[in-house]
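Participant: Residues per chain, in single letters:
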Amino acid sequence: CPPPLLTLSHISGISMSPSRQNSHHSLHSTMVLPKTSYSVISAFCTEENISQCIAYINQEVCSLGLTGVSLESESGGLSAVLVLNLLYEVLQLQRRAQRALHELETQQLKNGSDLEHLQHSNCRLKDQLEHTRRENSGLHEGERQLQLKIKTLQNCLKSEKEEVQKLQSIISSRATQYNHDTKRKERECTKLKERLNQLLMDKRDKKLSIEMSNYVGRSDGKRGLWKTSKMEARHEGEMYRALLSDYETRQRSLVLENSELKKVLQHMKKDMIAILSPKNVCVQPEPADDSLEQAVSEGEEEAGDRSRESLEQSCEQAREQLTNSIRMQWRKLKSHMERLDSQVSLEREGDEVMSRKEHEDEMQRMRLELQQCKEFIHMQQQLLQQQLSSPCDEETAALLNDCYTLEEKERLKEEWRLFSEQKRNFERERKNFTEAAIRLGHERKAFEEDRAVWLKTQFLNMTPFVDRKRPALSEPHGALAVSTEPEAKLQSTPPLVTKSQSYSVFSTPKAAPVKMPSTADLYRTLHLIPESRGHGKCASGEMLTKSRLRNCSTDCSVISLVRDESSPV
Amino acid sequence: MNFSEVFKQSNQLCKVSPDGKYLATCVQYRLVVRDFNSLQIVHLYTCLDPVMHMEWSSDSLFILCAMYKRGLVQVWSLEQPDWHCKIDEGSIGLVSSRWSPDGRHILNTTEFNLRVTVWSLCTKSVSYIKYPKACQKGIDFTADGRYMALAERRECKDYISVFVCDDWHLLRHFESETQDLAGLEWSPNSCVLAVWDSCLEYKILLYSLDGRLLSSYSAYEWSLGIKSVAWSPSSQFLAIGSYDEKVRILNHITWKKITQFEHPATIINAKAVVFKEVEKRPVVGSEDLSIHQLTVDNSLFSTQSKYEITQLPAQVPVIKPDPDRANPKIGISALAFSAGNHYLATKNDNMPQNLWVWDMQRLSLLAVLEQTAPVRCFVWDPHRPRLALCTGNTKVYLWSPAGCVSVNVPVEGSFQVQSLFWHCSGSSLVLLSKEHICLCYVDAEEEK
Chain A
1 CPPPLLTLSH
11 ISGISMSPSR
21 QNSHHSLHST
31 MVLPKTSYSV
41 ISAFCTEENI
51 SQCIAYINQE
61 VCSLGLTGVS
71 LESESGGLSA
81 VLVLNLLYEV
91 LQLQRRAQRA
101 LHELETQQLK
111 NGSDLEHLQH
121 SNCRLKDQLE
131 HTRRENSGLH
141 EGERQLQLKI
151 KTLQNCLKSE
161 KEEVQKLQSI
171 ISSRATQYNH
181 DTKRKERECT
191 KLKERLNQLL
201 MDKRDKKLSI
211 EMSNYVGRSD
221 GKRGLWKTSK
231 MEARHEGEMY
241 RALLSDYETR
251 QRSLVLENSE
261 LKKVLQHMKK
271 DMIAILSPKN
281 VCVQPEPADD
291 SLEQAVSEGE
301 EEAGDRSRES
311 LEQSCEQARE
321 QLTNSIRMQW
331 RKLKSHMERL
341 DSQVSLEREG
351 DEVMSRKEHE
361 DEMQRMRLEL
371 QQCKEFIHMQ
381 QQLLQQQLSS
391 PCDEETAALL
401 NDCYTLEEKE
411 RLKEEWRLFS
421 EQKRNFERER
431 KNFTEAAIRL
441 GHERKAFEED
451 RAVWLKTQFL
461 NMTPFVDRKR
471 PALSEPHGAL
481 AVSTEPEAKL
491 QSTPPLVTKS
501 QSYSVFSTPK
511 AAPVKMPSTA
521 DLYRTLHLIP
531 ESRGHGKCAS
541 GEMLTKSRLR
551 NCSTDCSVIS
561 LVRDESSPV
Chain B
570 MNFSEVFKQS
580 NQLCKVSPDG
590 KYLATCVQYR
600 LVVRDFNSLQ
610 IVHLYTCLDP
620 VMHMEWSSDS
630 LFILCAMYKR
640 GLVQVWSLEQ
650 PDWHCKIDEG
660 SIGLVSSRWS
670 PDGRHILNTT
680 EFNLRVTVWS
690 LCTKSVSYIK
700 YPKACQKGID
710 FTADGRYMAL
720 AERRECKDYI
730 SVFVCDDWHL
740 LRHFESETQD
750 LAGLEWSPNS
760 CVLAVWDSCL
770 EYKILLYSLD
780 GRLLSSYSAY
790 EWSLGIKSVA
800 WSPSSQFLAI
810 GSYDEKVRIL
820 NHITWKKITQ
830 FEHPATIINA
840 KAVVFKEVEK
850 RPVVGSEDLS
860 IHQLTVDNSL
870 FSTQSKYEIT
880 QLPAQVPVIK
890 PDPDRANPKI
900 GISALAFSAG
910 NHYLATKNDN
920 MPQNLWVWDM
930 QRLSLLAVLE
940 QTAPVRCFVW
950 DPHRPRLALC
960 TGNTKVYLWS
970 PAGCVSVNVP
980 VEGSFQVQSL
990 FWHCSGSSLV
1000 LLSKEHICLC
1010 YVDAEEEK
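Residue numbers (our numbering), protein chains in the order written: chain A, 1 to 569; chain B, 570 to 1017.
If you're looking for bench data, these hints aren't it; they were derived computationally from the structure.
Wrong hints could be hidden among the right ones.
[To be verified] Simulated restraints, written as ranges between beta carbons of each label pair:
no.	chain 1	residue 1	chain 2	residue 2	range
1	B	GLY714	A	GLN168	25 to 33 Å
2	B	SER994	A	LEU384	39 to 47 Å
3	A	ARG234	B	GLU981	42 to 50 Å
4	A	THR190	B	ASN838	34 to 42 Å
5	A	ARG331	B	PRO882	33 to 41 Å
6	B	GLY714	A	SER259	30 to 38 Å
7	A	THR396	B	ALA839	38 to 46 Å
8	B	ALA839	A	SER259	44 to 52 Å
9	A	ALA233	B	CYS691	55 to 63 Å
10	A	SER259	B	PRO882	12 to 20 Å
11	A	SER259	B	ILE827	50 to 58 Å
12	A	LEU146	B	ASP928	35 to 43 Å
[Claimed, not checked] Only pairs whose alpha carbons sit at most 30 Å apart, straight line, appear in this in silico BS3-like list of lysine-lysine:
no.	chain 1	residue 1	chain 2	residue 2
13	B	LYS898	B	LYS815
14	A	LYS227	B	LYS845
15	A	LYS374	B	LYS815
16	A	LYS230	B	LYS693
17	B	LYS693	B	LYS590
[As the list claims (entries may be wrong)] Only some residues are given here: those of chain B computed to face chain A with a beta carbon under 10 Å:
no.	residue
18	GLN609
19	VAL611
20	SER646
21	ILE661
22	SER665
23	ARG667
24	ASP671
25	PHE681
26	TRP737
27	HIS738
28	LEU740
29	ARG741
30	ASN758
31	VAL761
32	ALA788
33	GLU790
Idealized CB from N, CA, C, for every residue including glycine.
Generate the whole structure from the sequences, applying the supplied hints.
Facilitator: Below you can see the structure in the form of structure tokens.
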């Protein structure tokens, strides 16, 4: 039996469903028939199912619109021609389909790119639109706010106007009210006055009267005249005459003024014409020149006409003509001046500007200098004034002087105080020093004595005459007695203690106060200073002595050195 | 400058005769007439009551003395010292009294302004003028003395009557367009009458001699209006000082404003010169305080002062007026043109220590004088452009275009100058203190 017709769906890689899916993958797969499918296709027709296959193929071919193969199996044999034709047609079909497919693919690509492009532009436009919309809304918002502001301001203005109007109406109403009240009061007052007048006239308790020694003549000497209508007429006449004369004088003065002004204008016109005449105008290749010349000639004509006219002509036209011509001339003059100005600025732009600038700078500098000088002078004046004025003011000057002397006095007092303090300090120190010096003197003496003794003992010790000098030892005992009292003062002298314990402390307990000699005397006794010298450098001398003594050993030469050295002090 | 000795006066009544020859002063109820040059007493008259008002007649022949309390007016003659005249107004009372320009009629205004009585010295006749208006300046005579304008009020309306002074004939009587007439003044050429309203309304009307309304001017509405008015001597300008601290100048041809002068608190006008009075106290040494010095040398306690030119911009001291009071002290209360029409002096009430001088040719501010005390009185020399002013202290000040000078009145005791006026020749000043007068002889060329 023939193998079952394989549904094409079983055949992998090939899909021949009517709805062609346009996925690349499937296209590709349909385009390229993998070689491996051959084996599958070969499964379609076998020896057994040829007729079925033929029938199927016929069916398919018919459905494709090709002439049927009508492969009628002539005893199972296929007409190769028909098959080949069929194959060729199928191939043609396939080629056509392929071409169509290719076209469609290209079209598809194009469409895809177009689409992409459109999408991009769409996005961009959308963004733009969004942005514009936002801007628009912002502007709307701003506009709305401004509108609001305008509205509020307009309302304010309206309310202010209304208030002003209201106030005005209030004022006017009050004014009318006051007027009315005043009128009422006035009427009342008049009534009172009338009544009062009446009463006074009626009562006549105190007649009004005039007493005179004699009649006085009129100031102009004439007689008095009766009041008649003629008099009245005369008065009227006089009044009008006065008015008329006033008007006449006024008119005369105005006419005079007018004529003078006209004369001035004429002169001005003549001058302007003279200035603008062709001789004076710079030769310029400008079209305006022609008009200028024309106008000048016109002006000259006019001048000729006018010169014959009388200046008192006051008719309207003449005046107008004059003013118009003046105006025209003036305009020309102005334009001429402007031209000249521009010329000047063009020609000499380089250095003129510079020189002007320099000029201005110079001016500025001079002004500054002037200002400074003025200020200086002013200051000098002030000082001079002060100087001159202060001596006049004796009292205050004396007062000032007093103040100054007072100040000085205070200062002097202060200094004096300091000086006395210092003096006191100095005294104290001197006292101490003298004390120390005295002590030192004593100690020195003692030391000398001891030294002498010691030397003697030494010397004696060296000699066989020892026991004779023994009692001599006890003599200086007092001087070299070890003082149990700790003398804080002379603790600096421990280095002096050298050989003998008896020299441990050089302090000499002073039970009784010693009368202090003057420092000079002391020095002299100590041979620290020559007799003639004063105690100028006492302290330093003391120091010197102390330091020397401190450092000295029992070496006699050192001590003698000290003595020798300190003498020139 | 020389000063005369001091004479007594009362009520600030001291007048020089129109011809300049005599000086009349009132001391209580006595009238003393002196020769002006020698200051010798020429006549002495005694009135019945302390004199309240004294006036020379225009021909310098008569003097009227009015005693308002008793309603009496006494007239004295210089030619005939024993001539006497007494006018009694009776129970109707007397409020003011004045001469007419011809020197032969006396106009008395009765109490409550009931009427104006015109007494004639030539005929002893009496005329009455009813309903005169009680206002700041209700009567004015023309400069030539021919016409008199009188403000009247009937039925709550203002009227103006123009009389011929010759025979008191009523020439014109017309209604004035003011709401409440405050004053009227003839122009110096006698042809135009300026009429202005009360301060509640700024309105000034100009009427011609025959009663026609020439023009009306109103600068603004509602605020307080005109405070003072002055004609220029040539009648060319009319200066109007108002409460808004400005002076407006109208011209006589169009009666329109040609300029306005403002009085700002800060002066920046570069062309103006600001003179400031500076006092300097003399230094007193202790040896000067002897009794002798105190009594004899008055200058010990008086302070010298001089003018200093202040740099611009200069500040002007302003005193704000009390807003609740009527007639506030603000605005131009005094205006005066100089004799030659060249200058205008103004005083602004809320800057009371300053006096402003304007140049009328250039229509701009010329000088400002700042004093140490409020300016009480200022008058122009009748002939020269020279201004004399006083501030109530012991000095008299003079300004002229050349400069200004302050002069101490060298009088024993202190002479506080309350007011002053020039002699008609312009060669001397009469200074008035509370109770005394002193003459000051000014040389023409002495100016610093």
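Participant: For each hint, tell me whether it holds in the structure or not.
Facilitator: Verification of the hints:
The hint said 25 to 33 Å for the Cβ distance between GLY714/B and GLN168/A, and at roughly 46 Å that hint is violated. In this structure the hint that SER994/B and LEU384/A lie 39 to 47 Å apart at CB holds, the actual value being about 45 Å. Checking the proposed 42 to 50 Å range against ARG234/A and GLU981/B shows it is violated: the Cβ atoms sit about 59 Å from each other. Range check, THR190/A to ASN838/B: Cβ separation about 50 Å, and the 34 to 42 Å hint is violated.
The beta-carbon spacing between ARG331/A and PRO882/B, approximately 40 Å, falls within the hinted interval of 33 to 41 Å. The supplied range of 30 to 38 Å is met by GLY714/B and SER259/A, whose beta-carbon atoms lie about 35 Å from each other. Separated by about 40 Å at the C-beta atoms, THR396/A and ALA839/B satisfy the suggested range of 38 to 46 Å. A hinted range of 44 to 52 Å is violated for the C-beta pair ALA839/B and SER259/A, which are about 36 Å apart.
At roughly 23 Å, the beta-carbon separation of ALA233/A and CYS691/B lies outside the given 55 to 63 Å, and the hint is violated. Checked against the given bound of 12 to 20 Å, the beta carbons of SER259/A and PRO882/B, roughly 44 Å apart, lie outside it. A C-beta distance of roughly 22 Å is found between SER259/A and ILE827/B, which places it outside the suggested range of 50 to 58 Å. Between LEU146/A and ASP928/B, the C-beta spacing of about 52 Å breaks the proposed range 35 to 43 Å.
Restraint check for LYS898/B and LYS815/B: the C-alpha separation of about 14 Å stays at or below 30 Å, so the hint holds. For the proposed pair LYS227/A and LYS845/B, the alpha carbon gap of about 60 Å is over 30 Å, so the pair is violated. Proposed proximity of LYS374/A and LYS815/B is contradicted: the alpha carbons are some 38 Å apart, above 30 Å. With a C-alpha separation of about 24 Å, the suggested pair LYS230/A and LYS693/B falls inside the 30 Å cut-off, and the hint holds.
Between LYS693/B and LYS590/B the CA atoms are separated by roughly 29 Å; this keeps the pair inside 30 Å, and the hint holds. The interface hint given for GLN609/B is violated, since its Cβ lies 26 Å from the closest Cβ of chain A, which is over the 10 Å cut-off. Interface hint at VAL611/B: violated, since its Cβ lies 20 Å from the closest Cβ of chain A, which is beyond the 10 Å cut-off. Nearest Cβ of chain A to the Cβ of SER646/B: about 8 Å, under the 10 Å cut. The hint holds.
Because the closest C-beta pair between ILE661/B and chain A is about 5 Å apart, less than 10 Å, the hint holds. Taking 10 Å as the C-beta contact cut-off toward chain A, the hint placing SER665/B at the interface is violated, the least distance being around 16 Å. With its C-beta approaching chain A no nearer than about 16 Å, ARG667/B sits outside the 10 Å limit, and its interface hint is violated. Interface hint at ASP671/B: satisfied, since its Cβ lies 5 Å from the closest Cβ of chain A, which is below the 10 Å cut-off.
A hinted interface residue such as PHE681/B counts as satisfied when its beta carbon comes closer than 10 Å to some beta carbon of chain A; here the least separation is about 6 Å, so the hint holds. Interface restraint check for TRP737/B: the shortest CB-CB distance to chain A comes to about 9 Å, inside 10 Å, so the restraint holds. With a cut of 10 Å, the hint placing HIS738/B at the interface with chain A holds, because the nearest CB-to-CB distance is about 6 Å. The beta carbon of LEU740/B comes within 6 Å of a beta carbon in chain A, closer than 10 Å, and the hint placing it at the interface holds.
The criterion of a C-beta within 10 Å of any C-beta in chain A is met by ARG741/B, whose closest approach is roughly 8 Å, and the hint holds. A least Cβ separation of about 6 Å between ASN758/B and chain A falls short of the 10 Å threshold, and the interface hint therefore holds. Taken as an interface hint, VAL761/B checks out: its beta carbon lies about 9 Å from the nearest beta carbon of chain A, inside 10 Å. Restraint check, ALA788/B versus chain A: the minimum CB separation of about 17 Å is more than 10 Å; hint violated.
Hint on GLU790/B holds. Least Cβ distance to chain A is approximately 9 Å, under the 10 Å limit.
In summary, the numbered hints that this structure violates are 1, 3, 4, 8, 9, 10, 11, 12, 14, 15, 18, 19, 22, 23 and 32.
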